[in-house]
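In the order they appear, the protein sequences are chains C and S.
When you read off a place in the first sequence, starting at 1, and then add 580, the result is the number in our numbering.
When you read off a place in the second sequence, starting at 1, and then add 236, the result is the number in our numbering.
One should not assume that every hint holds.
Stated by the list, open to error - Only pairs whose alpha carbons sit at most 20 Å apart, straight line, appear in this in silico SDA-like list of lysine to any residue:
1) C:595 x S:329
2) C:622 x S:283
3) C:622 x S:296
4) S:260 x C:666
5) C:622 x S:274
6) S:304 x S:342
7) S:342 x S:256
8) S:260 x S:249
9) S:260 x S:325
10) S:304 x S:280
11) S:260 x S:364
12) S:304 x C:627
13) S:304 x C:621
14) S:304 x S:355
15) S:304 x C:611
16) C:622 x S:353
17) S:342 x S:362
Said to hold, decoys possible - Coverage of chain S stretches by chain C, computed from C-beta distances (three or more under 8 Å per stretch; other residues unrestricted):
18) 292-306
19) 315-329
Worth flagging that the hints you see were computed from the coordinates, not collected in a lab.
For glycine and all other residues, C-beta sits at the position ideal for the given N, C-alpha and C.
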Amino acid sequence: MNKLIKFNGQFSGIKAYRWQSYSALYLMFYFPYLAYVFFNTKTTEINLAEFINTLFTPIFSLLSLIAIMALFIHAWIGVRDIAIDYLPDHKVRFWLGSYWIFLALLALDLLWLAFQVFNI
Amino acid sequence: MYQFPGNRPRYLSLTSFKFPLNAKLSILHRITGLFLIISLLGFIALLHLILLHPSVTLASVSEHCIIKCLSSVFWISLSFHWLTGLRHILAEHFTQPTLYKSINSKAVSVALLGVWLLTSILIWRYFWVDAL
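Only chain C is shown next, with the shape it has when bound in the complex (with noise of 0.2 Å):
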């Protein structure tokens, strides 16, 4: 554990290749079981809340709330590994720091709704 959380600002490339890693590995296994739940359903004869409440047992919420932190590493670091490969050197903290303010907004803008539908 040691190995990943060591971060004093900038990943090595060790570092975010074993994040970037492990939240793939997850994800493979995540995905699929969302898309045969997906698949499944047929979204033209049910409304949201009771798909929600159908698809969201306690276990598969847990794995979803652990999937969507995996979908922000992994979309971080790919895109942090795209920026870095095609971007010029001197626009890439740009790019860089505004992505990351868009994820973390993002991250704030789920919560807000989280907190909207379930009234707290």
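Following the hints, put chain S in place on chain C, whose structure we already have.
Same frame as chain C, but now just chain S:
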């Protein structure tokens, strides 16, 4: 400290290269990753609409053309990203020569593309043919 030689970037003409199949799969893995992030935005916008707007329901949006486009692009990109991602993960973990060679062989890549095409056809059928 290493200083780059001058005359950079070189702006090589990408169309004049003959890339191996695995190189094309790799770059498409990146590109589909970007598509997935963009379609995730679309889904989050849709989620907001369904949860916060009283007249928008899951049933009513499922038949809309734009949502079907979004969903089909998402699932087709995801299946490609998943399959090539699986190939990357296997190639990175099974590094013994014979196994590595078979994972990166042309036959496996062609089979991967075949599986992806089949999945894409099924996905397209689900959204555009069966629903009608």
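Do the hints match the structure? See the list:
For the hint linking residue 595 (chain C) to residue 329 (chain S), the alpha-carbon distance of about 16 Å falls within 20 Å, and the restraint holds. Note on residue 622 (chain C) and residue 283 (chain S): the hinted pairing holds, with a Cα-Cα distance of about 17 Å set against a maximum of 20 Å. The straight-line distance between the Cα atoms of residue 622 (chain C) and residue 296 (chain S) is roughly 12 Å, inside the 20 Å bound, and the hint therefore holds. Restraint check: the Cα-Cα separation between residue 260 (chain S) and residue 666 (chain C) comes to about 17 Å, which is no more than 20 Å; the hinted pair holds.
The hinted pair formed by residue 622 (chain C) and residue 274 (chain S) fails the criterion: a straight-line CA distance of about 25 Å is larger than 20 Å. Under the criterion of a C-alpha separation no larger than 20 Å, the hint pairing residue 304 (chain S) with residue 342 (chain S) is inconsistent with the structure, at around 34 Å. Taking the CA atoms of residue 342 (chain S) and residue 256 (chain S), the gap is about 9 Å. The hint holds against a cut of 20 Å. For the suggested pair residue 260 (chain S) and residue 249 (chain S), the alpha carbons sit about 16 Å apart, so the restraint of at most 20 Å is met.
Our distance criterion of 20 Å between C-alpha atoms is met by residue 260 (chain S) and residue 325 (chain S), whose separation comes to about 17 Å. The straight-line distance between the Cα atoms of residue 304 (chain S) and residue 280 (chain S) is roughly 15 Å, inside the 20 Å bound, and the hint therefore holds. Distance check on the hinted pair: residue 260 (chain S) and residue 364 (chain S) sit about 28 Å apart at the alpha-carbon level, beyond 20 Å; violated. For a cut-off of 20 Å, the pair hint linking residue 304 (chain S) to residue 627 (chain C) stands: about 17 Å separates their Cα positions.
With a C-alpha separation of about 15 Å, the suggested pair residue 304 (chain S) and residue 621 (chain C) falls inside the 20 Å cut-off, and the hint holds. At most 20 Å may separate the alpha-carbon atoms for a hinted pair to count; residue 304 (chain S) and residue 355 (chain S) meet this at roughly 16 Å. Our distance criterion of 20 Å between C-alpha atoms is met by residue 304 (chain S) and residue 611 (chain C), whose separation comes to about 19 Å. Under the criterion of a C-alpha separation no larger than 20 Å, the hint pairing residue 622 (chain C) with residue 353 (chain S) is inconsistent with the structure, at around 24 Å.
Taking the CA atoms of residue 342 (chain S) and residue 362 (chain S), the gap is about 30 Å. The hint is violated against a cut of 20 Å. Counting residues of the region 292-306 of chain S whose C-beta sits closer than 8 Å to any C-beta of chain C gives 5, which meets the bar of three, so the coverage hint holds. Given as covered by chain C, the region 315-329 of chain S passes the check, having 5 residues with a CB less than 8 Å from a CB of that chain where 3 are the minimum.
Violated hints, listed in ascending order, are 5, 6, 11, 16, 17; each of the other numbered hints is respected by the structure.
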